[in-house]
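Q: Chain residues, written in single-letter form:
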Amino acid sequence: MTTSEAAPRFRPGDPVRVRFADPPGHIRTPWYIRGRAGVVERLCGSFGNPEELAYNRPGTPRQPLYRVRFRQAQIWPDYRGAGTDTVDIEIYQHWLEPGDAR
Amino acid sequence: MTAPDEPRVDDHPHEHGHVHPPARPDTDDALTYYKAMEVAVRELLIEKGVISAEDVRRAIEAMDARNPAQGARVVARAWTDPAYKARLLADPNAAIKELGVEPGAYRLVVLENTPRQHNLVVCTLCSCYPRGVLGLPPDWYKSRAYRSRAVREPRAVLREFGTEIPDTVEVRVHDSTADMRYLVLPERPAGSEALSESELAELVSRDSMIGVARARAPS
Numbered sequence: 001m002t003t004s005e006a007a008p009r010f011r012p013g014d015p016v017r018v019r020f021a022d023p024p025g026h027i028r029t030p031w032y033i034r035g036r037a038g039v040v041e042r043l044c045g046s047f048g049n050p051e052e053l054a055y056n057r058p059g060t061p062r063q064p065l066y067r068v069r070f071r072q073a074q075i076w077p078d079y080r081g082a083g084t085d086t087v088d089i090e091i092y093q094h095w096l097e098p099g100d101a102r
Numbered sequence: 001m002t003a004p005d006e007p008r009v010d011d012h013p014h015e016h017g018h019v020h021p022p023a024r025p026d027t028d029d030a031l032t033y034y035k036a037m038e039v040a041v042r043e044l045l046i047e048k049g050v051i052s053a054e055d056v057r058r059a060i061e062a063m064d065a066r067n068p069a070q071g072a073r074v075v076a077r078a079w080t081d082p083a084y085k086a087r088l089l090a091d092p093n094a095a096i097k098e099l100g101v102e103p104g105a106y107r108l109v110v111l112e113n114t115p116r117q118h119n120l121v122v123c124t125l126c127s128c129y130p131r132g133v134l135g136l137p138p139d140w141y142k143s144r145a146y147r148s149r150a151v152r153e154p155r156a157v158l159r160e161f162g163t164e165i166p167d168t169v170e171v172r173v174h175d176s177t178a179d180m181r182y183l184v185l186p187e188r189p190a191g192s193e194a195l196s197e198s199e200l201a202e203l204v205s206r207d208s209m210i211g212v213a214r215a216r217a218p219s
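Those protein sequences? They're chains V and S, same order as listed.
Here our numbering is used: the first residue of the first sequence is 1, the next is one more, and so on.
Here our numbering is used: the first residue of the second sequence is 1, the next is one more, and so on.
Quick caveat, the hints were computed from the structure, so don't treat them as lab data.
None of the values given here were measured: they were computed from a predicted structure.
Every residue, glycine too, gets a C-beta built ideally from N, C-alpha and C.
There's no promise every hint is true.
Some chain V residues close to chain S (C-beta under 8 Å, calculated; not the full set) [as the list claims (entries may be wrong)]:
hint, residue
1, Arg28
2, Pro30
3, Trp76
4, Gly81
5, Val87
6, Ile89
Some chain V residues flagged as far from chain S (calculated, every beta-carbon gap over 12 Å) [as the list claims (entries may be wrong)]:
hint, residue
7, Ser4
8, Arg17
9, Arg19
10, Gly35
11, Pro58
12, Asp78
Make the full structure from the sequences, and use the hints.
A: Structure, rendered in structure tokens:
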């Protein structure tokens, strides 16, 4: 069994941005969060890449998976609720690039 | 006009003294593409002796035996034992196993509700749910309406469940999109100080562990 694993690029607290991309296939990055900026809440570990696993391929290199926290008011311009409300989403590393703003 | 050699079905009255309401259509009869595929694969596996019909039945029975009472025991223990609660937040799978509950292959994240934060779980992509601890998800959890609205307007959704969250409390939505599974640790209700652990567990509903409701107040 292959154990190749991508090294984690981000740490909790790091600002990140979700890639804006629309590749075909089995994608587990929700559409509404693509292109959005957030902050890494935690590293969850490394997991087989679901975009590969879905087609019965080994899913390697395994991808670090993060929980990334986003401010609701930044995602939905007409969001109704406290400015501090958040949504946390699990995002695989190959969907994240370094961000610069909160 | 009906041809003379065709059987006539309307040549006698059907009235028998009263009128029946129209029958409600059955909803279990549509054999969709995926249902047909499941039946075909299952029957082939059984025919070839890979699994038996009894294996399938037992697996379904085991799946149905998991239920929110397991999660409620975990919550009640966390309410009464601060050291257990610390272990539950740090390593949920291990802490849940301590109580004899098998949480399953997925790694759990326990989300603690506090006077300042209310957590709500949704899977916008499909129906990811902590099945090992809570059993099968309710139908509404899988509905397109809940999946799209819980993330878009969580406070309105919570209000429809009868859960009013003041603006001074942060609403934290958790979109369960990948390899983690989420369990909300609701706040212990006021007035529950004198209750035993098993009495406390009865206050913990399935919905309170998804985050659409609070734990019940003691009666």
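Q: Per the CB criterion, is Pro30 (chain V) less than 8 Å away from chain S?
A: This hint holds: Pro30 (chain V) lies near chain S, its Cβ roughly 5 Å from the closest one there, short of 8 Å.
Q: Hint validation: Ile89 (chain V) versus chain S, beta carbon distance must be below 8 Å. Holds or violated?
A: 4 Å, holds
Q: Closest CB-CB distance from Gly35 (chain V) to chain S, is it above 12 Å?
A: Gly35 (chain V) is indeed farther than 12 Å from all Cβ atoms of chain S, at 16 Å.
Q: Is the nearest CB of chain S more than 12 Å from the CB of Asp78 (chain V)?
A: About 9 Å separates Asp78 (chain V) from the closest Cβ of chain S, which leaves it inside 12 Å; violated.
Q: A cut-off of 12 Å on Cβ-Cβ distance, and Ser4 (chain V) was said to be off the interface with chain S. Does that hold?
A: Non-interface label stands for Ser4 (chain V): nearest chain S Cβ at 18 Å, farther than 12 Å.
Q: Given Trp76 (chain V) was flagged as interface, is its beta-carbon under 8 Å from a beta-carbon of chain S?
A: Given a least distance of 6 Å, the restraint on Trp76 (chain V) holds.
Q: Against chain S, run the beta carbon of Val87 (chain V) and see if the smallest gap drops under 8 Å.
A: 4 Å, holds
Q: Does Arg28 (chain V) pass the interface check with chain S, least Cβ-Cβ distance below 8 Å?
A: Check passed: Cβ of Arg28 (chain V) comes within 5 Å of chain S, closer than 8 Å.
Q: Beyond 12 Å from every Cβ of chain S: is that where the Cβ of Pro58 (chain V) lies?
A: 16 Å, holds
Q: May I ask you to check that Arg17 (chain V) keeps its beta-carbon over 12 Å from the closest beta-carbon of chain S?
A: 17 Å, holds
Q: Is Arg19 (chain V) truly not at the interface, in the sense that its beta carbon sits beyond 12 Å from all beta carbons of chain S?
A: The claim holds: Arg19 (chain V) sits with its nearest Cβ about 15 Å from chain S, beyond 12 Å.
Q: Under 8 Å is the threshold here; is the Cβ of Gly81 (chain V) close enough to any Cβ of chain S for the hint to stand?
A: 5 Å, holds
In terms of the numbered hints stated before, the structure departs from hint 12 and from no other.
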